[in-house]
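Residue numbers (our numbering), protein chains in the order written: chain G, 1 to 643; chain W, 1 to 117; chain F, 1 to 475.
In case anyone wonders, no lab produced these hints; they're calculated from the structure. Where a beta carbon is used, it is the ideal one built from N, C-alpha and C, also for glycine. Worth double-checking, as some hints may not be accurate.
[Unchecked claim] The calculated DSS-like cross-link candidates involving lysine-lysine, where the alpha carbons are at most 27 angstroms apart (straight line), are:
| id | chain 1 | residue 1 | chain 2 | residue 2 |
| --- | --- | --- | --- | --- |
| 1 | W | Lys111 | F | Lys151 |
| 2 | F | Lys432 | W | Lys111 |
| 3 | W | Lys110 | F | Lys151 |
| 4 | G | Lys377 | G | Lys446 |
| 5 | G | Lys553 | G | Lys538 |
| 6 | G | Lys25 | F | Lys33 |
| 7 | F | Lys364 | G | Lys25 |
| 8 | F | Lys364 | G | Lys176 |
| 9 | G | Lys176 | G | Lys589 |
| 10 | F | Lys441 | W | Lys110 |
| 11 | G | Lys176 | F | Lys472 |
| 12 | W | Lys58 | F | Lys33 |
| 13 | F | Lys151 | G | Lys605 |
| 14 | G | Lys553 | G | Lys543 |
| 15 | G | Lys552 | G | Lys538 |
| 16 | G | Lys27 | F | Lys364 |
| 17 | W | Lys58 | F | Lys366 |
| 18 | G | Lys585 | G | Lys168 |
| 19 | G | Lys25 | F | Lys366 |
| 20 | F | Lys33 | G | Lys27 |
| 21 | G | Lys605 | G | Lys594 |
| 22 | G | Lys377 | G | Lys506 |
[To be verified] Between beta-carbon pairs, the in silico distance windows are:
| id | chain 1 | residue 1 | chain 2 | residue 2 | range |
| --- | --- | --- | --- | --- | --- |
| 23 | F | Tyr41 | G | Gln623 | 40 to 46 angstroms |
| 24 | W | Val64 | F | Gln197 | 19 to 25 angstroms |
| 25 | G | Pro241 | F | Pro367 | 50 to 56 angstroms |
| 26 | G | Ser57 | F | Tyr41 | 55 to 61 angstroms |
| 27 | F | Met265 | W | Gly18 | 16 to 22 angstroms |
| 28 | G | Gln623 | W | Glu93 | 25 to 31 angstroms |
| 29 | W | Lys111 | F | Tyr56 | 44 to 50 angstroms |
| 30 | W | Pro78 | F | Tyr56 | 55 to 61 angstroms |
| 31 | G | Leu600 | W | Gly12 | 35 to 41 angstroms |
| 32 | F | Val45 | W | Ser3 | 53 to 59 angstroms |
| 33 | G | Leu152 | F | Tyr41 | 52 to 58 angstroms |
| 34 | W | Pro78 | F | Val45 | 35 to 41 angstroms |
| 35 | F | Gln197 | W | Gly12 | 28 to 34 angstroms |
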Amino acid sequence: MYSFAPLIVLFPLLGFLINGFFGRKIKNETLVGSIGTLAVASSFVVALLIFVEMVGSPVEERKHIVTLFQWIAAGSFSVNVAFQVDQLSILMTLIVTGVGSLIHLYSIGYMHGDAGFWRFFTYLNLFIFAMLNLVLADNYLLMFLGWEGVGLCSYLLIGFWYDRNFEKGTTGDAAKKAFIVNRIGDFGFLLAMFLIFNTFGSLTYESVFAQAAGFSPGVSVMFWITLLMFVGATGKSAQIPLYVWLPDAMAGPTPVSALIHAATMVTAGIYMAARSSILFSLAPATMEIVAVVGLLTAFFAGTIGLVQNDIKKVLAYSTVSQLGYMFLAVGVGAFTAGLFHVMTHAFFKALLFLGSGAVIHAMHDEQDIQKMGGLQKYMPWTFRTFVIGSFAISGFPLLSGFFSKDEILWKSFADGAPWMWVIAALAAGVTAFYMFRLVSLTFLGKERFDHHHVHPHEAPKTMLIPLLILALFSIIGGYVGIPHVLGGHNYFEEFLEPVFAGANAKMMLPMHDSAALELGLMAVSVAVGLLGMFAGWKIFTEKPEIAENTAKKFSGLHKLLWNKYFVDEAYDAVIVNPIKQTSDKFLWKIFDVKIIDNTLNFSAKFVEATSNILRRIQTGVVQSYAVIFVAGILFILGYLIVW
Amino acid sequence: MQSYIPIFLMIGVSAFLGIVFLVLQRFLGPHRPNPEKLSTYESGMPPVKSARERFSVKYYMVAVLFILFDIEVIFLYPWAVNFRALGLFGYVEMILFILILLVGYLYILKKGALQWD
Amino acid sequence: MEFFSPTDLLGSSPILALGLFSLIALLVNAFLKNSAGMVFYVSAVGIFVAIGCSIYTFPMNATAFSDMLLVGGYASFFSVLFLVIALFSMFIAKPYLEREQYHYGEYYVLILLATIGMVMLASSADLITAFLGIEMMSVSFYVLAGYFRGKLSSNESALKYFLLGAFATGFLLYGIALIYGTTGTTNLLRIVTMYPQPFNDPLHIIGWGLILIGFGFKVAAVPFHMWVPDVYEGAPTPVTAFMSTGGKAAAFSVFLMTFSVPMSMRDERLMTVLAVLAAASMLLGNWFGLSQTNLKRMLAYSSIAHAGYMIIGIASATPMGQQGIAFYLVSYALTNLGAFGIIAMMEKENGGNLNYEDYAGLGKRKPALAALLAMFMFSLTGIPPFAGFIGKYYLFASAVQSHMTWLAIFGVITSLFSTYYYLRIIVYMYFKEATNHEEIKLPGLTFATVILCGAGIVLFGIVPSLIFDLMKSIF
């Protein structure tokens with residue numbers, strides 16, 4: 001089955017080509033949508049078959065490299081288009097194609113009637129193709145290709161409705177912001193790649209990791225490689241300081257937010273870190289930076305989410321915050337825990353986004369939760385699934401989010417530091433609070449919308465089916481990784497652990513056997529979560545005035561949170577404006593207009609002048625051609641003889 | 001370069017001789033011109049009009065084709081001389097060669113390249 | 001005198017097949033009236049048969065006719081390339097000639113005869129065979145360039161090409177004579193076994209210098225390039241397409257094979273001369289290209305620049321450079337055939353519609369055509385993922401490998417120049433409003449060929465190993 005791995009990548013490419021070339025001509029929406037959905041679903045089936053075979057085979061035989069063809073070979077530099085199928089990549093593939101096909105299906109309903117219907121599915125399939133290249137590549141260059149590809153698709157899809165306004169500008173501005181911020185990160189990744197090639201003389205995982213195993217922790221080059229990689233990851237996975245693009249990315253259609261900006265693309269940074277776990281394990285300093293950045297992101301993004309009123313913005317900050325958790329896990333060396341959260345997060349966050357999409361759809365493109373309320377009555381199924389997602393993300397016991405988040409919390413205590421656990425647990429409480437604030441304001445309480453203009457209705461079947469499936473997985477998705485302390489068996493960890501064997505050997509994490517401590521901490525974090533959920537529900541369904549009073553009382557803090565810590569403004573003031581100023585005053589008016597333009601004008605004139613002179617050589621008279629010919633002969637023979 | 005010295009010597013000597021004879025005839029020969037002597041063809045017919053006249057393209061066609069088939073005949077000479085040595089192989093070869101030219105001949109015949117009018 | 005061996009017949013089978021079919025085509029043309037279409041099919045069949053023969057002999061690695069011809073491998077690879085080029089250029093030519101009302105069978109016969117010369121060039125293991133091939137090809141080209149006998153520009157093109165071509169041939173022949181004089185043989189395989197002794201004689205290196213001049217003319221290297229713009233502009237567009245791809249590829253195949261002999265000594269003098277020629281061609285080709293307004297003329301200067309890029313591969317004298325040239329020729333041939341195919345479709349009677357302005361707004365008028373032309377321009381510029389990028393990459397890398405980094409840098413800078421005039425057409429197509437609203441007809445045969453070329457440059461750009469794997473068994 002392994003040799004069929006290229007098919008996984010091929011199907012979405014085919015879908016992209018068919019819809020891209022003929023989509024405009026196929027007037028039938030169902031056909032275009034089906035082609036797009038089937039392409040991804042077929043990949044999912046192939047990936048599933050490979051997964052089944054992998055589970056059935058001994059641990060040592062689970063890694064396979066399928067080489068398609070040699071891509072570039074020049075001197076010592078050689079790169080193949082080859083796919084590495086192992087536990088890690090197949091997990092990511094299953095998430096990408098599984099959640100991806102559900103979201104494709106959902107989009108058929110969501111995008112119904114849009115003029116760019118075929119364009120949407122074309123981009124979406126291209127995205128899946130690039131993402132699969134990213135996770136299945138067997139070398140950093142191909143991964144980078146996928147990395148850039150998903151960035152491009154993200155850009156195209158954020159700006160999909162390029163003629164719509166978004167906040168202060170247009171969706172095009174949001175798309176540009178995402179692209180530029182990502183490029184900053186990509187530059188880090190690129191530098192990391194150069195350093196890797198310089199250090200190991202190869203970009204293939206096999207050979208890089210095999211050589212890395214010979215290093216001992218603390219080598220400075222490893223610090224730089226991993227730090228630069230992490231810079232790349234902060235861009236793609238929206239971490240401090242490059243997270244600012246993700247909330248703006250909500251300008252795109254909601255299925256895009258669900259697929260790209262929640263479930264798959266933004267986890268690329270985690271995947272890269274996990275894939276390069278052995279390199280990270282050799283750089284303890286980077287690991288610490290990763291953990292702290294992740295933790296801070298988790299907390300601060302969560303607090304911003306507390307006061308936002310745009311349904312998708314809340315979810316966006318929640319995504320940033322959850323990604324912070326994943327990096328926290330990576331930073332403390334708990335790679336499996338991080339990936340476990342990648343998986344469960346993909347389920348419930350996709351669910352939440354799709355649910356919010358159904359709400360927006362029903363409310364005729366209204367996104368302000370202050371103008372909603374009481375939607376439970378109109379869209380019961382959306383409500384039920386949305387609540388399940390909210391319970392899951394809040395870490396309600398025995399739902400998927402509980403298992404994965406709890407594992408991260410425990411590892412941050414055990415392998416990190418107690419203070420990390422405290423902040424992380426607080427952030428969990430914050431998460432629970434804003435999620436239930438969202439549920440209450442949207443579905444419960446008084447109906448605050450205008451009945452004359454808005455007639456909420458339940459979503460069509462193509463949208464509901466994905467919601468139900470994702471809800472199911474949000475409930476049961478966690479049972480593959482029940483912690484030992486609860487008497488379960490962590491299949492997930494057992495499955496993935498061989499991938500990180502090399503890294504674990506380098507880190508030599510301390511062993512912890514204190515079941516009582518683990519249980520105690522679990523109880524505390526669950527209690528914090530429940531408290532947050534209860535508060536969020538109680539305050540915003542029954543006593544919204546409490547929230548208003550608190551906001552007034554701490555108006556400074558509220559203003560700070562409402563304005564997202566003024567980070568966008570700070571970036572504008574410190575980075576964007578100075579750059580704009582220098583580009584306007586110096587780069588444009590002086591450098592561009594005076595120096596470059598003048599140089600260009602001069603060179604244009606120079607070329608014109610010289611070609612006017614040279615044109616006299618190209619007279620059209622054969623005799624003069626022969627004269628030049630002879631001059632050339634004299635030059636060559638003269639050189640050869642005189643030498 | 002050593003081995004080329006005779007060649008250079010040869011060039012030098014011939015150039016020298018040429019110049020010497022030109023100079024000598026200037027000094028030694030009598031110099032008595034008359035109109036008859038200076039005409040283009042001293043003992044021929046006087047030219048009637050300019051030689052730079054347009055010829056019909058037909059002349060060139062025939063000339064070119066003549067050269068072509070003339071060269072074909074030249075190829076036959078060395079073959080004929082070695083006819084016995086080349087034997088059957090040479091015979092077949094030559095027939096092929098002539099067949100190829102025959103195709104060309106048929107082509108020009110059919111296209112009317114040899115028709116004068 | 002012994003008879004031919006089977007290897008001889010098999011090795012020369014592509015040439016024999018082409019010869020046979022060209023004779024048949026000539027007879028068909030002579031004896032049937034209005035037979036141009038028929039001749040087209042006969043010639044196409046002949047090319048397919050020759051392709052079959054070439055592919056069949058590919059695994060053989062031998063010589064034929066007492067080391068006069070190479071068989072298989074190198075010869076087969078290039079023969080197939082030339083044959084495909086000939087076929088494609090015929091596809092481009094048929095609708096074009098029908099439109100211009102110049103559709104005669106002789107055209108295809110001449111294409112076949114020129115192709116015989118090309119195949120002979122790629123197969124030559126001896127300077128005499130190389131000379132025969134060059135003449136066979138060139139004479140056909142002289143006639144083809146003047147194919148529009150009623151048009152002054154076409155006649156001028158043919159005459160200029162003929163005069164300078166004959167001039168260059170003289171030097172080639174003189175070079176061959178000097179090589180024969182200093183080694184006692186014209187056979188490349190024997191000359192190389194005598195090395196390094198012949199290099200003691202200055203006449204030997206001058207001989208190679210003279211051969212270099214002859215080939216330099218055929219590949220259009222500066223300073224032997226003066227004929228190119230006039231001839232390319234004046235000749236009928238499908239002929240230009242054929243000359244600039246097939247002619248160049250054939251000249252490079254023999255240039256590469258012949259010069260692998262003296263370059264095996266890595267002689268400093270020859271390397272320097274080649275490097276200077278490469279640099280001059282890249283510089284002047286791209287420089288003159290900047291100020292052109294006529295697309296055919298622009299592509300003529302571009303072809304000079306591309307000759308410069310490819311000479312880098314010969315100058316570097318490494319397997320990587322040789323493979324780079326072979327790959328580059330494939331990508332260049334496909335790209336130029338495609339571009340000329342589009343020009344042939346766009347052209348109006350009497351050489352109209354050939355300027356940049358005539359392509360304004362093409363992106364809206366014919367989106368598919370504009371997209372294809374944009375792809376070809378990107379490939380010529382050397383932008384991934386098109387084949388042109390991979391070719392350039394290998395050539396420049398080979399220069400670095402041979403410690404001629406300056407040449408690689410020079411190449412990169414001059415390709416930067418070239419972006420200006422390649423991308424200018426894209427600016428015209430997409431960012432300017434159409435001034436001309438005449439209907440553009442896209443003949444199916446030509447359009448299909450152009451699409452094939454486009455598919456080829458994408459395919460080879462993404463999966464270059466399709467060609468490089470073949471070349472591993474050649475070089």
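Hint-by-hint comparison with the structure:
no.: 1; hint: W:Lys111 to F:Lys151; verdict: holds, 22 angstroms
no.: 2; hint: F:Lys432 to W:Lys111; verdict: violated, 50 angstroms
no.: 3; hint: W:Lys110 to F:Lys151; verdict: holds, 25 angstroms
no.: 4; hint: G:Lys377 to G:Lys446; verdict: holds, 11 angstroms
no.: 5; hint: G:Lys553 to G:Lys538; verdict: holds, 19 angstroms
no.: 6; hint: G:Lys25 to F:Lys33; verdict: violated, 45 angstroms
no.: 7; hint: F:Lys364 to G:Lys25; verdict: holds, 16 angstroms
no.: 8; hint: F:Lys364 to G:Lys176; verdict: holds, 26 angstroms
no.: 9; hint: G:Lys176 to G:Lys589; verdict: holds, 23 angstroms
no.: 10; hint: F:Lys441 to W:Lys110; verdict: violated, 36 angstroms
no.: 11; hint: G:Lys176 to F:Lys472; verdict: violated, 45 angstroms
no.: 12; hint: W:Lys58 to F:Lys33; verdict: holds, 24 angstroms
no.: 13; hint: F:Lys151 to G:Lys605; verdict: violated, 35 angstroms
no.: 14; hint: G:Lys553 to G:Lys543; verdict: holds, 16 angstroms
no.: 15; hint: G:Lys552 to G:Lys538; verdict: holds, 19 angstroms
no.: 16; hint: G:Lys27 to F:Lys364; verdict: holds, 21 angstroms
no.: 17; hint: W:Lys58 to F:Lys366; verdict: violated, 49 angstroms
no.: 18; hint: G:Lys585 to G:Lys168; verdict: holds, 24 angstroms
no.: 19; hint: G:Lys25 to F:Lys366; verdict: holds, 16 angstroms
no.: 20; hint: F:Lys33 to G:Lys27; verdict: violated, 50 angstroms
no.: 21; hint: G:Lys605 to G:Lys594; verdict: holds, 16 angstroms
no.: 22; hint: G:Lys377 to G:Lys506; verdict: violated, 56 angstroms
no.: 23; hint: F:Tyr41 to G:Gln623: 40 to 46 angstroms; verdict: holds, 44 angstroms
no.: 24; hint: W:Val64 to F:Gln197: 19 to 25 angstroms; verdict: violated, 46 angstroms
no.: 25; hint: G:Pro241 to F:Pro367: 50 to 56 angstroms; verdict: violated, 42 angstroms
no.: 26; hint: G:Ser57 to F:Tyr41: 55 to 61 angstroms; verdict: holds, 57 angstroms
no.: 27; hint: F:Met265 to W:Gly18: 16 to 22 angstroms; verdict: violated, 43 angstroms
no.: 28; hint: G:Gln623 to W:Glu93: 25 to 31 angstroms; verdict: violated, 43 angstroms
no.: 29; hint: W:Lys111 to F:Tyr56: 44 to 50 angstroms; verdict: violated, 36 angstroms
no.: 30; hint: W:Pro78 to F:Tyr56: 55 to 61 angstroms; verdict: violated, 35 angstroms
no.: 31; hint: G:Leu600 to W:Gly12: 35 to 41 angstroms; verdict: violated, 59 angstroms
no.: 32; hint: F:Val45 to W:Ser3: 53 to 59 angstroms; verdict: holds, 56 angstroms
no.: 33; hint: G:Leu152 to F:Tyr41: 52 to 58 angstroms; verdict: violated, 47 angstroms
no.: 34; hint: W:Pro78 to F:Val45: 35 to 41 angstroms; verdict: holds, 36 angstroms
no.: 35; hint: F:Gln197 to W:Gly12: 28 to 34 angstroms; verdict: holds, 31 angstroms
Of the numbered hints listed earlier, those contradicted by the structure are 2, 6, 10, 11, 13, 17, 20, 22, 24, 25, 27, 28, 29, 30, 31, 33.
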